[in-house]
Each structure stands twice: as C-alpha cells, then as structure tokens.
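Asks: Letter by letter, the chains look like this.
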Amino acid sequence: MSQPFRIEKGGRIDRAASLSFTFDGERLSGHAGDTLASALLANGIHLVGRSFKYHRPRGILTAGSEEPNALVGICRKGDQTPNLRATQVEVYEGLETVSQNRFPSRGFDVGAVNDLLSPLFPAGFYYKTFMWPKAFWDRVYEPVIRAAAGLGNPPKNPDHDTYGNLYAHCDVLVIGSGPAGLAAALAAADSGARVILCDEQAEFGGSLLTETAATIDGTAPAQWVADTLEKLSANGNVTLLPRTTAFGYFAQNFVALAQRITDHVSEPDPRLPRERLWQVRAREVVIAAGAIERPMVFPENDRPGIMLAEAGRTYLNRYGVKVGHNVLVATACDTAWQAAFDLADHGVTIAAIADVRENPPEALQSIAKARGIRVEKGCVVTGTTGRKRISAALLGRLRGNGVAAAGEVACDALLMSGGWTPTVSLYSQSRGKVVWNESLGTFVPGQSVQNERSAGACLGIYGLNAALEDGYAAGENAAKAAIGRSGTVSRAQAHGADAGEGGILGALPHDRDPSKVKAFVDYQNDVTAKDVKLAVREGMHSIEHIKRYTTTGMATDQGRLSNLNALDIASKALDKPVTDVGLTTFRQPYTPTTFGIFANISRGDFFDPVRKTPSHDFVAGQDAAFEDVGQWKRAWYLPKDGEDMHQAVARECETVRKSAGLFDASTLGKIEVVGPDAAEFLERMYTNPWKKLAPGRCRYGLLLNDAGFIIDDGVVGRLAEDRFHVTTTTGGAAHVFATMEDYLQTEWPDLDVWITSITEQYAVCAVQGPKARDIIAPFVEGIDLSADAFPHMSVGSGTFCGVPCRLFRISFTGELGFEVNVPRRHGKMVWDKLAKAVAEQEGVIYGTETMHVLRADKGYIIVGQETDGTVTPDDVGMNWAIGKNKADFVGKRGLARPDLVAGGRKQLVGLLTKDPKVVLEEGAQVTKLANPPAGTPAEGHVTSAYHSPAMGRSIALALVKDGRRLTGETLNIPMPNGAIPVEVVEPFFYDKEGARLNG
Amino acid sequence: MKHYSFLELAKNAFSAHQNWGRQWRAPEPKAEYDIVIVGAGGHGLGTAYYLAKEHGLRNIAVLEKGWLGGGNTGRNTTIIRSNYLWEESAALYNHSVKLWDGLSQDLNYNVMYSARGVMMLAHTVHDIQVFKRHVHANRLAGVQNEWLTPEEAKEYCPPLNISKNIRYPVVGAALQRVGGTARHDAVAWGYARAADDLGVDIIQNCAVTGIRRAADGSVEGVDTAKGFIKAKKVGVVAAGHTSVLMEMAGIRMPLESNPLQALVSEPVKPAFPCVVMSNTIHAYISQSDKGELVIGAGTDQFVSYSQTGGIHITNHTIDAICELFPMFRRMRMLRNWGGIVDVTPDRSPIIAKTPVPGLFVNCGWGTGGFKATPGSAHVFAHTIAKDEPHPIAAPFSLERFRTGRLIDEAAAAAVAH
Amino acid sequence: MLLIQCPYCGVERPELEFSCRGEAHIARPADPSATTDEQWAEYLYLRTNPKGVIAERWRHIHGCGRFFNALRDTVSDKFLMVYKAGEPKPDPAQFSKEAGR
Amino acid sequence: MADILTSELYSADSSQAPLLVLPDVTIMPAAPAARVSLRCRETGLALAAKAFGTPIPQTPLTAETAANRAAFWLGPDEWMLVAPESQLAAILSDLETHLDAVPHSVVDISHRQDAVLVSGPRAGWLLNTGVPIDLHESAFAVGTVTRTLFHKTPIMLWRTGPDSFVVEAWGSFMDYVTGLLVQSAEELKAA
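Chains as they are written, first to last, in this note's numbering: chain A, 1 to 999; chain B, 1 to 417; chain C, 1 to 101; chain D, 1 to 191.
Do not take every clue at face value.
Unchecked claim - One-sided excerpt, in silico: chain C residues whose CB lies under 10 Å from chain B: (1) MET1; (2) GLN5; (3) VAL11; (4) GLU12; (5) SER19; (6) GLY22; (7) HIS25; (8) ARG47; (9) GLU87; (10) LYS89.
Said to hold, decoys possible - Listed below are the simulated DSS-like cross-link pairs for lysine-lysine, each with C-alpha atoms no more than 27 Å apart in a straight line: (11) LYS164(B) to LYS156(A); (12) LYS78(C) to LYS433(A); (13) LYS2(B) to LYS134(A); (14) LYS836(A) to LYS914(A); (15) LYS156(A) to LYS2(B).
Unchecked claim - Not close to chain D: a few residues of chain C, all C-beta gaps over 10 Å, as computed: (16) CYS9; (17) GLY10; (18) ARG13; (19) PRO14; (20) PRO29; (21) TYR83; (22) ASP91.
Rather than coming from a laboratory, the hints here were simulated on the basis of the structure.
By construction, the Cβ of each residue, glycine as well, lies at the ideal position given by its N, Cα and C atoms.
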C-alpha cells in the first residue's frame, strides 16, 4: 500500500486519512483530498486506458475537467458509471474503478491491432468502403464498427439515486473560483449584491491551490483563499457552490449549473440527491473560467507519462505527487519552466528543458542553471519511445525550416506546454463572438452580448496580480450594473506568478517519415495532424467540415484541448489565416452532464401529475383497470371474479341497459360562461344556436376550428339568462378553454362575458339506465324529477345528499340518464352513496370502455376517435348541429372551402360484419375489393368497433368515402388473414327513436 | 471521380493517403445557369444530383450561404421511416426509403444507412387506435409496419422499460423494420461529391440576397454575395430560411421556423439496437455507430432563427428517456445543439411550383426532413425539370392550403373522451 | 428559457408561465363570408416568419391569463418591447434598427 | 415581520395530519374555504368591494385583507375572493345583488382548488425546487400573490410572512405538488 511517488510532505491532501480503493481490481491507497488521477500517479500508475479508435495505451494528460484520456468506469452498487474523468473523481474509501475500451485488459488489448492497421483507417475511411457486398453492412461491417467504437460500458440497471432541482436568482453569478473569480465574488458581495459563486472543483481556489511561487498580501495563495472564503461564507447574501459546473449559458442570463452532491462520499446518505440542477437567472454574470494549457503536437505525443506541464505542477504542489523520477520538460512558453523548478526542488531529476524558442527569458535560464538543469533551446520533441509508458524522447534542433536530430533523452515522464488557451466556452455559449488576439496567439472573448463579463485568464489576462485586479473590477462593475452600487473592498496585491511569455500552435516540425508517425491533435478520438491535412486535401475547407470529417474536437472535452491546434494545422494546409478558417461553435454542456440532472424530479409518479377523480380509491379497491386520458386516470373496466376485459364490459353494458350504471364523469372539462353576452359568445364559438335555449335546458354543442374541422364537443346547459355550464371532452378541456380565451380576449374584447374553468369545482357522477331516476330520487331535493318537469336535456339546481348540486338530465348511453354535479370535495361521499344505491338496484359501476360501447350503440361520436382533425360536421352527419341562420361562427367560413364541400369526402357510416361474431379492429381499412393489390387507396377506415351486448352482435362505425350513398352495399375489411365482408348501414344501431332516453 | 472501395483505400495506404483527390470542387459561379438550387443541404444537393443524373441537365449550381450540409442536414437525429398515416405521405416517404436502400452504392459513398428498425411506442388506448390505424393503412399501401405487444417490443429493444408501474406504461408499439438511421454528414457529402462529378457547381459561402423577376413575372436569377447569377429556374430548398428567401420573390409562405434541439450522450459500447420514438411522451432515441446515444428533443414554442433552445425542452426530453430507459439516467449529455425547422400548418412538406414561373420550392419538412432526403430530392428534381409536379409530389402543393385538402399528420394525435 | 415582461402584471417571469400564440395583428376578418378562399387561407395560414423583428402574441397563461403582444428579435431571441392587446403595432423597422439589423 | 394571516381564512385543517414537519419547514393542509372568482370591469370594483367587505385590489399581484376576508388580484379583470366556508352563500348573493347593474361574472370555485400552508426558514428554498420565480423578499415581498407553476403544475402562491406561504392548486394536482415538496424536503433530514 505504499505510494512510491508521493512526496514526503506538502500538498493539500489529508495525510492522516489513508483511503483504500481499487483500479481494475488492484487494491491501492490514497488520501482524502486525492483525485483518482493523483492517487494513481502516487502509486506510479500512468497507463489508465485505451484510445477510441486505435486503442493506444494512454495516461493522464491533465489535472482538470478537460482530461481526454483518463476516463474510467466507477462501480457502485453493482453497476457502472462510464467515462468519468480520473482527474475529477475524488477518492473515497472503497472506491472501485475500472479502465475502459480495452479487452481483455488495459495492459493487453486485442483492439490495439487497430493501431497496426491504422494506415487503412485514415479520417473518414468508412465513407469510402464497406459498401460491398451490400448485405454485409447491416450484418457484418456495422456491428463490428459499433463494437469497436464507444468508450466505457453503459450502466445496466435502473439508477436508484435521486436528483434535485432548484430555481435560483442572483444579482451576480461568478463562475470559477480562481484568483479572478474569488476577487469578483468578494467585490460583488461587498456591494450587497446577491452572489452565487460556483466552481467545478471540490475546492475553491483554482490555480491558487497549485501556486507556491507567489504571495498575496504577503501570505501564501492558499491561505488567501481560505481567508477569502471565510469572508464570503460569513456574508448571508453569498451562496458558495463547490463541485458545481456551470454547463449551459442560455438566453437572458439563464445559466444552468450541475452540482455534484454525493459522488465523492463513500457511504452517501440515501436522503441526499446525487446531483442537483441549479437553474439560475442572474442579473449579471462574471465568467472566470481560467485558461487551460495546450498540448504540443509532436510525433507519439500520446504515451502514458506525457502530461501537460501545469498538470505535473498541480500534482506536485496540490496533491504531493511526483509524476516521475526523471522528467523531460518540453515547452514553448515560460510557465512550464516553473513546473521544472518546482519538481527539481522536490528532488526530481529534470532530464532537460527543451524550449521551442531560441531565446527563452534569461531569468528563467539562470534559475535553471542555478539548479543544474540542462536547457535545450530551439528544440522540439520529434518522437517518443516506451510501450506503456514513455521511456525516452527524441529531440530535434530547429534549423531554418527543417529539424536536425539532437539525440535521445531518457525520461519516465514528459511535461509539455504549448502555451495557454483561454476557456471561452461559456462566453461562446452566451452567443458572444470570440476575437483573435495576435499577441497572445489565441481567441479571446469579444463584445458581451448578454449581461456578462469575462475576467482573468479566460479573457487572456494572465499573471496573478493582473487576474486579481481584473476580478475585482469585474465584480464591482457587475454589482454596479446589477444593483446600481458597488462596494469598497480592499484589493489584495499579489507578488510573483507573473504572466509568462510564449506559446505555439499546431503541429511541430520533425525529421521523421511523416507517413509512419502519428502526432495527435485530438487524443480521445485519435485524430492526428495527418488526418486534418487529409481532410483539407479532400476538399473539406470549412472548419466544421474538418471537424466532422476527422472528428477532431468532438471528443468529450468538446475540443477544448484540440481546437486551436487543429485550426492552425488546417489554416496552414489551406494557406489561410486562422481567422479566416474560423472556430467551431462551443455548445452546452460545458462538460458532460448527467441525464439524471436534466430529468431531476420528473420521475415515476412525478414524471407527470397523476390526476385522480373522487371515485379513484373506491374503484381501485374493486380492482378496476385504469386508462390514461391526458393526465387523468380513468376507470377503464371493472372485472369481477376473474373476468377478462371482454366479459367485464359485456356485463357492465348489459346491466346498464337492464337496470342502471354509475360512471365517474368528473374528468370532463367544465367551463362556466357568465355575463350578459354569454349566449352571444357561445353563438360565435359553437356551430349551434344558443340564443333561444331556455334556462334549465341543455343542448349538444359542436366546436370547430376556423379551418372548419371538428375539435371538440359537449353538452351545454343554460343555468340562467347570463350563465351557461359548458362541458368539453376530457382531453380537450385545456385546449378549448385556451381557444375560448383567445377569441374572447383578442377578437371580441367588447363582449361582456367571462369564462371560468370549473372542471375541478364539480365531481360528476353519471347514473344511467332505466332505474336511474329511482336511484337518484331519494337524494335529490329542490328539483322535480318527473319526466314532464325535467325532460331529457334538462338542467337544474338543488341539493343532492344535502350538498349543492347541478343536476343534468342527459345521456351518452341512450338510456334514461342523469349527471350529478356536486362540489368536488363532496364527490367521494356522493359517489359512495350512489354506489350503494346502484348496487341495491342490481346496477353496476362501469368504466370508459362500456361508456364507449353504449354510445356506439347509439352512433354518438367521440371526438378524437370518429374525428381526427380532418373531419367536418357533415362528414359525421351532424349538419343538424349547425345553426342555419347564423351569419358566422368559428369554422363557418372554413367549411365553405373547396375541398370541404367537394364530393368524395369520407362520411360516417355503420358497418355490420356478415358474421355477427366477428369484431372488426379499430383502425382497419375499408376497401371495395376483398383482395386489393398493394397500393390500393382505402375507401376509409373503421373508427370504432365493439361487441354490442344490446345488439347481440358486433357493431362498427367507419368513415367511408361517399359512405352515405353506399348504405346497403357490401365492402371489405382486408386483414392479414383475409378480408372481412361488411354491410354498410346507418351509423346508429340501438333505440333509434330514442324512447329509452326520453323515459 | 476516383472510385471509392476497400481496394482503393488499401492502395492509398501505401502512398500515405497523399493521393486522394478533392471530393468536390470549389468553383467560382458562372454568370448563368439553367437551374440554380438555393441551399446545399441533403435535399438541395440531392435535387442537383438527380437533375443531372436522371434528367441529363448539366448547367446547374447549388448556392449555399455557409458550408454544405451545415443546416438541418448536419443537425438532426437521422431517423428514417415511412410508416406515415396518409397515403400521400406514405408514398413520399416510402419512395425515399426505397432510395435509401442502395444509396451508398448509387453515390459510391457509404452513407451508413442502417435499417435497424424504428419502433414507435404506444402509451394509451388512444395511441393503440391511432397506431393500429397506421399499421392497417400502411399494409394496404404496401408500406412495412407491424404491431408489437409490449413484450415483443422489449424483445426487439431490451433496454425498454415495460413495467406497468411507470407513469405512462408502454402498451404496445408499431415497428417498421426497414426504418433506421444514416450518417447525416455523409449524405450531404455523398450527394455533393456525386453531383460535382456530374458537373454541378457547388458554391459555398454564397448567400442569396435577392430573387430577381423579369418583366413577365418569371424568375430571372438571384443576387448573391458573389454577384448576380442568371438562372432559367430557381429551386429554393432552404429549410428554416425558406420564408426569408421566398419573401425576396414576394411570396408569403404558410411556414413558421422554430428551434429544434437534439443532443448526444458520451459514447458507450453498444447498448441500444434500434430507434425508439414516443410521440406521446416526446422522446426519440437511437445509438450512433460511434456509440453516442442520439436523442431528439422537442421544438420551442416561438419563431426563432437562433439555433438554440431552452433547457426546459431538454429537461422534458430527457425525463421521458429516463422513464423509458431508467439505466440511462447515469449517462451524460455530451453535446446539445439546435436547428431551425420550418413547420407547415398540416405538418406535411411543400414540394411545389410557385405562383412565380420558374421558381420552385421544397420546404416545410418540420422535424422530419432527413428521412425524406433522397425521395424529396428525386421528386423535386422531376418537378423542376418537367415544370410539372412529380405524381408523388403533386399532393404537396401550396394550393392545398386554399382548398383545405390538407395532409394532416398531426391531426390524428387529437385526444379526447 | 426566455424571460418575459408581462405588461399586465408588470413583472418579468420565466417563459414557462407563458404560451406563445404566433404572429400578432392577424385579425379575423370581420365578415368571413365575404372573403375569398385565398383571403381565408391567408388569414389561417400565411405568416411573415421574419428573420429579425417579429410582432407576436403571448399569453401569460400561468399568470394573469392575459394575451399581450411583443416585439422580439428572432435572431437573438431578445424581447424589444411588450404591449397590451389592442394597442397599435409599433413599427418593427424602428426596432430592427435598435436590434442592429 | 409577523405573518399577515391573522384571521381564520387559511388555518391548518385539524381533521388532516400535517404533510411534513421538520425543524426548518412544515407543510399543513389548509381547511376548506369559500372561494369566488370575480370578473368585472372597473365599473364593478367599488360595488364588489362594498359587497365583499374589502377593497378589490388594483395593484397587480397584491391582496387586500380584512377580518375573514381576502381579495387577490390575479389579473386585470380577475380576482379571487376568499372567506370562511360557511359564508359562501351569503357572499355569492351579496355580490350578485350589488353587481346587478354592471356586467360581471361571479363563480363559485370553492372546491376547485385546495390549499396547503408551507412555512419555516426553508419554506422559500423548498418551494423553489419547483417554483421558477424569485422568492427572495426583495423580489417577492410579504403580501404578494401570484399564479405561477410548481414544476409541471399551475399553482397560486401567496406570501403571508417572511417564511410562510399559502400554496393553492386545483384539487387533482395537489397530490403532485405536496408529494414533490415532501420528497424534495427529504434531503433536509440528512445531516
């Protein structure tokens, strides 16, 4: 359990807390405060995985969220989460991790044969081959490609963790807690602004946690971080969010944050969510996302042990880990020299500092000299050796346009730096356009498009003191813009860690055979400099084409490490300046973000509200089957004694027609239309005439859209001159209400009428059947139920079981029927009493399926079943519902359009199968021929089909071309095992005279 | 044109791939063309290809304001299917599916058409009615589509959660086995390369700024970033930007352009064998050959050319995916992007002549244009070349909005009772 | 998610509370029966769909419930102004200039 | 600032168990109340005020309260009037009588929605797990009333004190609202 590469002291890990974890089954130790990467390195492990395409051995390249190589699977509770960055995974006791994309092991991977075959696999090779034999694509080529691709193994089991959500608002959101971010947060908080400070890392401080060669106000940077955090946490207006990544910057300063809550904990409290989505609306945003170091593109730049220089320094200073014993530093800029010095000061041999520049700063050279470090100037790395870890590097001396070999240097690690790239991802997401900064040789944020400012290194402002200064100013200005005032925070001064010089883009020159070497631009996707050049050669001249053709920049770091190098290589191949080639767009998320965080609390019953009616528990207790209608749960049928659906529905139907049935109709939409112009309003909305409808009477209403097609229907009762009770379909309730509001507010604002949804004000119990009156009569007071006083299509107010009631005498079954509307909270009481009364009369509780059969007996349409948005009133034989003398109603003009009055429209008819036992399938097509050839246009389709107990046979409704003219004729329903002959009949079957419902 | 094959690839490996030629030229525009196609997406490039290949026309330019394939072609979730309800739609999309099968060979460019099956989930009794209607209508029309029980659906797609205890349980599915996916970029590139080979000039970075009309009202040419280009016929195939272009010719369109988002996960090993769609709870998912889960989200509610959408749209998409595939809750979103979809009132496309002689339009594909690429291009080429709608294209006229003869694929979704 | 000022409530609220109801100022013809098929189709279906400033209808459906109109830049999605239903349409051209197009 | 709820208007329903009791937040079902939707133009406001016993608020998102009375501004021509359940019939008839001469709509919605009382130092935090608007007192002062959303469901929210809120939802949505609130509060139980 020794950690041979851990230095004796130093770093921010808790040396007292030793933790045990596994990697590919090997038990290793680390400390609290370690990332998986730092702990592996402490154990001397560099080889952590295999690359995507060529399966090359790969190590840890970075110390941050941009890590492209060191992706691992984390095992927990018997399942695996793939593709987590070892550089972000915090070590806890018992952590189990595995490497990815290798078989059978990371040390020996048969997929590595791809590396040998790589001459066959240049960029875009698959577009050029695998076309013959044609059948092989689906069966051979594609499965092989799919199995070879992909990184880790997907999780296999349902995720039992929970995820939280929080909407938050603040005056100033500060993203990133390095020097600029902390200074901005301090300055903004001092003004009294509401501040949120977030950072993707476990600890606030960013580069300050690594910096040992500077002081701030005379103290160590890490101490300044601690002091600053103390001040911030004491301020009640400040929210501090570590382990929280700002991953998406949306319109109007809406920023999404992903907070990781339990992944770093060994035994998380199950009551805590694993992660939380913060949906933040910020008046002002300060982006202090820092800069990341750029890899150098030289041959074989991908071996384990090759790492970014600042990462090497971070592992040393922050985690107390040496990345090697004998380290070569290859650089094009100053900052990497400090890494060499820090390592040397901890006893690491620095094999050499190889700087691309002919004249690196004298000051650095003299420090190196003082430490006895060999310095090679005008020098590049031209190759590396070592199978699973670098063992040596080839150096080359720049000579004019060429390179001369300059010998081999043995090393067990290589730290490189091509310079720094400001992290402009979030700025870019905010829709800002980056601009090229010639002196920095990189893109930096340009003008702000939203209420946003970048600060510090992400703006290209390097050097500790400059970053602090910029952060303070950004925080102050943000506060001023957000709340109109700024504070007077005292500004700390930093000494040391000044901005360095230098940096380079693109592929470095070398003296090797270009066809034989690979210099990687995008590590994860195995994109080499050659690939980029090939793409350009093939005519891919847009940077987007190059990206898509080579897949450079499409790895899980979204090109943060690779974009600028690829761009430079492309620009040279195209012989155009980089600014003319352009940068690809950075998209959200900034780093990969768990699906669970987006779904957050929408899960299970909370995926969508479950709306239940007052009878729900009662019928659930009777083992009702439910169907989902919109968000409602409706009783579908209520089987008894092992009945199947068919038997249950048959029994329910028969019982309703014989005695009575009770049905919960509470879900129907209900709208109270009130005001002097109520009748006029309905006159304009519905096809029917309303003005002459007497109070106390009801009428069936048909609602069209202005195109002329049926969109809803329902019974409307007139309660008073100025008051109507309108019902709608269950699924159409919200839409009808919104449509009415739309016409009312925007077309007819002059009308004195208002609409109020009363869907949930009333519970509705429908009692239908010959005994319906007998059943309800004992409960009713204040309404004369006699057929003369209260005929079919009446409405009255009174009490029911002692509670206020609106009683409708209406029928959707063809039987004598009542619908009892009582205030919702009384619904359960009333239902229970009615259920008892119905049972006493040997009646039945029935569900929606029975309701459908009973109405089909009568030929009543269901909007959404007989209609599909393309059906007119005439199509379903309902011209009778159109007020003939009305100048206008919604849909009237639409109905007059040529196709709506043309012949050959599909019309509602009844169909009777020749064999009465055969029930047609809903949706089945109607044809003239029994065996129509493929491609024959249908004459129509079956909209509803049931076994009708009342008719003792099957019945069906259908929309058939010119159907009404075909009454009496035989048509066919072609089915896979032969056609079913049917006779066309009128679209109603039962009690055509309506004697029963008028009873 | 160099023939692409494995042999050619091996041969080039010996010369370090130094000898591959350009896949298409970068010509300067000529002063005049017989036909100018505006928009170098899959539909536009395909139109040019079929004009050249099937109608023997050679003097054709495709103008593109950005980079070819950079619009919705390169931004969609690549679902291919033809099990549409109405005969007109089924005919159009099935024409396309037939062309997909064999497109790689026709273009000598592997577009990776993968007929892995598209399964559409039913969650309610109403869904069952609607989907079965589709299945029956499709069978009559000669379009493959079949009904599956939840158990059969799970067998076809093992990750599917068919528990009856979820909020909207899966109650069945319609499966079109010939449906699937293709590699979107390759479609644009393959058509571009093949069209270029037949002499079509593909001119990128050449925005059209005006459509000129002659005294008799007919089209005369287009003003562009590279000057005026004369043309006998102009075909506008510009997806989300169609309204803007047609406005240049004085034509208002029955279109609204909405943001449509899509997203991919990080790549993982094969985990998802087919395409699954749920219109009821709004989720569309497949796995790319690279291993990413490819997920289609919904449209935002307003007109926008911003190519970005709100996070609430993403949230609603992913919550649906996680209900159906709860093991994916720990997967992570790698990239999210937006396109601009042009939506018609009946959710069916317009492939038509316009009131301006010589001006043709192909638009209104909404969220589902990719699948139609070869078929749309093929019938549009015919319509332009013959000055007469291809029989399959005829119902997709502008005229239908006047007469009311809509092809309403969305309408059947109306829920009631 | 957009942030929208409701002219009736006088506060900014997230887009979730609102429903966009398409292009504004498309009045239903006063006498539909007097329109031609073309005119009716235009009323029903033809839309400006501008790339730039659009006048559109919104409803604060999960707030005060009122319909109102807004000018918005469809390229940046920025709201340029909101105004109550029934108020005249501002000149989009003027706002186009302010939106920088 | 003390809670402005001094009346019996929204009291915890003694017949129902609390939904959540934690040191930092509690959720109690409220007892039934009379609720009336009032719609009218400006001409009716004084008459309605007289009938109901409180001014009808004309400032958006505010409430007027009196003993056993609250009138909420919900829209420019829409108010919800709340009173003890037993007074419903009297209120309806008073309103109809007083407003007889002017166009108006008075509709009983007492049973359409239910209310819960959410209070405690973490009440605002808990509500913001589903409410997308800013509940900081500087943005949502005590006394503010509004319709908004709780995650996927419409609600009405009235702040009655710095740490206390009334949440109303249509009856069939209340299980969703309270279920999510209780679930989201689960983490408050963790150390």
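Asks: Hint by hint, say whether it matches the structure.
Replies: Hints and how they fare:
With its C-beta approaching chain B no nearer than about 4 Å, MET1(C) sits inside the 10 Å limit, and its interface hint holds. Given hint, GLN5(C) at the interface with chain B, is violated; its Cβ is 15 Å from that chain's nearest Cβ, farther than 10 Å. With a least beta-carbon distance of about 19 Å to chain B, the hint placing VAL11(C) at the interface is violated under the 10 Å criterion. Of the supplied interface hints, the one on GLU12(C) is violated, with its beta-carbon coming no nearer than about 15 Å to a beta-carbon of chain B, more than 10 Å.
Evaluation of the SER19(C) hint against chain B yields a held restraint, the C-beta minimum of about 7 Å falling below 10 Å. Taking 10 Å as the C-beta cut-off, the interface hint given for GLY22(C) holds, the closest approach to chain B being about 7 Å. Contact between HIS25(C) and chain B, as hinted, is not supported at the beta carbon level, the nearest pair being about 14 Å apart and thus beyond 10 Å. The restraint placing ARG47(C) at the interface with chain B holds, with a minimum CB-CB distance near 6 Å, inside the 10 Å limit.
Because the smallest distance between the Cβ of GLU87(C) and any Cβ of chain B comes to about 20 Å, over 10 Å, the interface hint for this residue is violated. Among the interface hints, the one on LYS89(C) is violated; its C-beta lies about 16 Å from the nearest C-beta in chain B, farther than the 10 Å criterion. Note on LYS164(B) and LYS156(A): the hinted pairing holds, with a Cα-Cα distance of about 20 Å set against a maximum of 27 Å. The suggested pairing of LYS78(C) with LYS433(A) holds, with an alpha-carbon distance near 17 Å, which does not exceed 27 Å.
A distance of roughly 20 Å separates the Cα atoms of LYS2(B) and LYS134(A); the hinted pair therefore holds under the 27 Å criterion. Distance restraint check for LYS836(A) and LYS914(A): the Cα-Cα separation of roughly 42 Å exceeds the 27 Å cut-off, and the hinted pair is therefore not satisfied. A threshold of 27 Å between alpha carbons decides the hint, and for LYS156(A) with LYS2(B) the separation of about 45 Å lies outside it, so the pair is violated. The Cβ of CYS9(C) sits about 5 Å from the closest Cβ of chain D, inside the 10 Å cut-off, so the non-interface label is violated.
With 10 Å as the threshold on Cβ separation, the claim that GLY10(C) sits away from chain D is violated: the shortest Cβ distance comes to roughly 5 Å. The non-interface label for ARG13(C) is inconsistent with chain D: the shortest C-beta to C-beta separation is roughly 6 Å, within 10 Å. With 10 Å as the threshold on Cβ separation, the claim that PRO14(C) sits away from chain D is violated: the shortest Cβ distance comes to roughly 5 Å. Look at PRO29(C): its CB is around 27 Å from the nearest CB on chain D, clear of 10 Å, so calling it non-interface holds up.
Listed as a non-interface residue, TYR83(C) keeps its Cβ farther than 10 Å from every Cβ of chain D; the least gap is roughly 14 Å. The claim that ASP91(C) lies off the interface holds: its Cβ sits roughly 26 Å from the closest Cβ of chain D, which is beyond the 10 Å cut-off.
When each numbered hint is compared with the structure, violations occur for hints 2, 3, 4, 7, 9, 10, 14, 15, 16, 17, 18, 19.
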